[in-house]
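What follows is each chain in one-letter form.
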Amino acid sequence: MAILKRLGIALITLFFVTTLTFFVVRNTPGDALQEWALEIVQTYGISMEDAMKQVRAMYAYNPDEPVVSQYIRYVKGLAHGDLGTSILYKTSVNKIVARALPWTVFVLSTSLLLSFTIGSILGMVIAWKRKTVLDPIITGYAALTGATPDYITALILLMIFAINLKWFPTKGAYDPSVKPALSWDFIKTVLHHAVLPVAAYTFENTASWALAMKGSAVSVLGEDYIMAARARGLKESRIMTRYMGRNAMLPLVTGLAIAFGGMMGGSVLIETIFNYPGIGWFFNEAVNRRDYGLMQGLFFLTAAATIFANFVADILYTWLDPRIRLED
Amino acid sequence: MTTATVPAPRRFDLLYQTYRVLRRNKRALAGFLILAGFLLMAAIGPYVVPLDMTAHYEQRYLPPSLAHPLGTDYVGRDTFALIVHGSRDVLSIAFFAAVFTVGIALTVGMLSGLQGGMLDALLMLLTNTVLTIPKFPVMLVFATIFHVKDPVSLAIILSVWAWGGLARAVRSQILSLKEREFIEAARVMGLSLGHIIIKELLPNIMPYVAINFLYIMKDAITASVGLMLLGVIPFSASNWGMMLNLAIKQAGAIYIPQGIYYATAPMVAIILFQLGALFFAHGLDEVLNPRLRS
Amino acid sequence: MKRLVLFVVLIALLAVGLTACAKSTPQVIEKTVVVTQEVEKVVTKEVEKVVTKEVEKVVTKEVVVTPTPVPQPAIFRTAGGWSAPPAYHGNRFAPGGVGAAWWWVYEPLFYYVPANGEIVPALAASFEDEKDHLVVHLQPNAVWHDGKPFTSKDVWTTIYLRYLQGAPIWKFLDRMEMPDDHTVVFYWKNPTPFAKQILANELITSPYHLYGKWAEQVANSMDDEDALAKIRQDLANFKPEKPIGTGPFVLDTVTASEMILSKFPKHYEADKIAFDGLRILRWSSNEVVWAYLMADEIDVAHPATPKDVTDQILARQPQMKLSLPTDWAEFGIVYNWRIKPFSDYKFRKAMTHVIDRKQMREVTYYFAGDVDDYAHNILMSFRDKWLSKDFLDGLTSYEYNPDKAEAMLKEMGYKRGDDGNWVDPEGNPLSFELNAPAGYSDWVIACDNLATQLTSFGFPTECRPLENAVYWPKITTGDYQIALEWTAVWWGYGHPWAGFQRHFLGDTAKRAGIPKELPGPDGQPVNLEDLVVKMGSTFDEAEMKKLVQEAAWISNEHLIAVPYLEKRLMMFHNEKHVTGYPDVDDPLWTLGGGGAERAYIVMMRKGMLKPVR
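Residue numbers (this note's numbering), protein chains in the order written: chain A, 1 to 328; chain B, 1001 to 1294; chain C, 2001 to 2613.
A hint or two may mislead.
When the alpha-carbon atoms are kept at most 35 Å apart in a straight line, the in silico DSBU-like pairs for lysine-lysine are as follows [what the hints assert, rightly or not]: (1) B:K1149 - C:K2239; (2) C:K2576 - A:K53; (3) C:K2410 - B:K1149; (4) B:K1199 - A:K235; (5) C:K2131 - A:K166; (6) A:K53 - C:K2415; (7) C:K2307 - A:K90; (8) B:K1135 - C:K2510; (9) C:K2576 - A:K166; (10) A:K53 - C:K2410; (11) C:K2263 - A:K95; (12) A:K53 - C:K2131; (13) C:K2131 - B:K1249; (14) A:K5 - B:K1249; (15) C:K2510 - B:K1249; (16) B:K1249 - A:K166; (17) A:K235 - B:K1178; (18) B:K1135 - A:K131; (19) B:K1149 - C:K2545; (20) C:K2321 - B:K1249; (21) A:K76 - C:K2239; (22) C:K2196 - B:K1249.
Sample of chain B residues at the chain A side, in silico, Cβ under 7 Å [as the list claims (entries may be wrong)]: (23) Q1017; (24) F1136; (25) R1168; (26) E1179.
Please keep in mind that the hints were generated in silico from the structure rather than gathered at the bench.
Bear in mind the structure is a predicted one, so any value in this text is a computation, not a measurement.
Glycine is no exception: its CB is placed at the ideal position from the N, C-alpha and C atoms.
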């Protein structure tokens, strides 16, 4: 019952956010046409006048339809699972998402899970053993990855492993000579191309999970049941994971949920440096070109993903810590 | 006859505990010293170190020397002077953004967790909205309305976006903590809500909040670069985040052997600052949680 | 928990292990190597001592036996941009179409080399240029990629569809006639000296058998705006998977990171094209393209590159060359005439002496071309063709001279305040805000540099970049003080007329906020629109030059915009795998401005470029 209430609240939140987003997007300042025309003159060698006329002809946004009716049409579409239509490409946003999102989800969820898992374990270890040498190392590593923009880490990995050592490819999600199919060849090339992006992302983010876990675990350490477990003679590692870890996990689960939701925004880092396909490119295009239809659909996606992830996180709390009762 | 006297409760107990931890825990001391160093740099640095912003192209990417302790940047300006002059704005933005963010997050998270019910639902709606609303269009609107210069206003703008995740995390911890026996006990004993919050709940979530404080500071530095490129704040070539951005994108400093000093200087500054804060926080854990002291 | 962790780690290791077995791209043909070893014994004697030592030296000789290598396909590799799938398609009239394949799969009637007016025939085997009409004789053997023959109807279709986009040719075109399948006659209603440039910019992209029905509809409703809008919509919904052209290359595969093209064997100049295919890598950002150049992942690219990175690229790839043709525009500074003190043209003059424009170029775009001390709005690369030395000497010069600026300002009543900064004659301190588009990092740096220059002179100036889509409309409405702007913009025409069109009537005029008339060289007001229109319709060379000089004088005297560098396209080309590039100063390179690939396709079609074997 409480779960249903929570779901209801989540849906209301989503509706509220979607409405707000709709009006914010429509009121985004700026006119994308000039910039687009400037790009065209420098690639197609035509005059500015010609370019402006072309972009005006291509950008067929008709503001004559009253905003409210646009809004209603949009929400009706959402209820049917239709994310809307891109004004520029005149394609359904669903189609764009279906093609581009899987790559993003593949790389980012792998990296997220890896960095979360490794980071949490490290965090637990350094919280448990306060005097270990691992602590300053992890702290130093955290400070290093924190200060280095992920951009640089990715570039360095690209330079060393792809360009100099040639162990991994420099771009793309798979070798274009292999046709996408459920074949062993295809899977192999996909994994091969995914290693560097996943490595870059994981390398950048592991430390922050470790420190977050440490911070959370430290407060748990003072609890009586930890002392009691020790007195009972339970194995150290068991106390660390089962007792401390599980309780310390609580706030991190929130972070994980938010990160999963944020995944829908794509990763500019991975898509730029590793020339990897993904939804981030479309996000960027949509905003730069003020493609309202695409912007709305994509923003809805991230909002829905975040809200849903938070909903799941709320449920997970009760599983992780049975003392929590989700009152309504 | 011996009288067992209960020592009078010390005022500034927290400060005294901090002092004792610092004396014992070398790492916390190191962190404290580093932070103090940065504070000094921000406070008096700009008066001591002169900054010449004029371009001297032929003096670009010089290696460190007596005249230029950290070398020069892509147009021949002294990197060390840039770091020192940037420290004031960068550190104030970072610090205040973190303070405001943590303040809002703690308030929202605690209210939500403790009260529950309708207030919780409303506050979580607000939190989710802030978490999911697309930042870029809103920032663009901000840029047309607000033209700010001072770090505090900028910190406010940054913290408006940043508090959502922490608020949820705090709430989750409060939800767990409030069912504990010691809270029950405090309630039964009739201790005021204020006392429960400050003396019982806060110390428990502080280590987690402290780590987040640091990450918010680091994120604020990066975010300030984004705001510069939107026109919310004027361009500043001494902002560490912008220095890094310029080094990579415009100057391509990581491709040039001699560019290594310019590219790493702001990174090292940020790393040191974070290290100082992290080490100090490590000691802070012990202050707040006496059971951790060995 | 532990089990879960172990599981995840195992999966990760397995994934990495598997990928190590996957082949990396591109594939390498294996060579067989046979090694024979010879052992040599060498005995040395030491003279002074009695004891002799025997030293064994082993010498290994490797004999490599390679079978005759399988000829590798000759691939020309470059970088470019296009819309990621599924947004990609082959219809140039809708957003997301064609992308970087443009210059390779399509061709114009002929190519026009701006530097010397050379005509390189393409789909037009020959033509006769009469003033009021142009007769074009098409290639008899041209074929579309889908096998259908190329005829004059296809030219008609393309030009009529371009009517939907307001193409410049329609300003001059009265009608087209197709006497037979391989002849087209363009009849001009307003003869234009720019007929060849305009035609050279129109690539013939739309065959009748695919696009004919829309062209027919356009021909039937030339004046009906509503009908045209409908046709436009309808046409934009046509999304063929790939572009179909007549050009020497065919698009095979498009992914989000690469485009693969192969040679079109039926092309009428296929025998001259020495390459079997093309590979275009996605241009995600300049830093990545620099990495590609340094790593020999691509043969050519044209990223704007700082001096030191350029040195690195040239050092890492010793056979890399750099050609710097003009990119048909200059970067400049506009003052907002609507506000004080910029409304006073004497102040603008004084201000311009404060600016060290060479430094701006050096610091922001090293390989760009320097401008002179004037503001005449004639592209530097072609200045001497249009403006004589005597004429230039007669212009007001704006050389970098802060002392002169100081004197001029003092004369106007400006004073230095106690803090050293300038105060206007009414006693108000002066400070400025300078704007630049945030998306162009070199303009942002120019903004910072200029702000520093002005501040150190005594005008405290703040640099505030704005997002591009916000920037351009904002300065067009005059909501700024000083801004950076394109000047001497000759895109599409390669002629001063284009630059003055923009300067006096177009975007720059609106941004600076200039009036309709300005005093000319003789002191009399000149109607700027008339001047531009006259310039665009005269065929008399002497008359043209006179008009251009008059316009140049007005631009310079009134400081509509102050240029600080001439944009040059940095065309890196690596001679490691491809040879035959002309000398870096050859006029053919000027085809690159406004479309780098255009230069390379022309070089290929002339049979100049060949793979290194």
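- Item | Unmet hints by their number, sorted upward, for this structure | 1, 2, 5, 6, 7, 10, 13, 14, 18, 19, 22, 23
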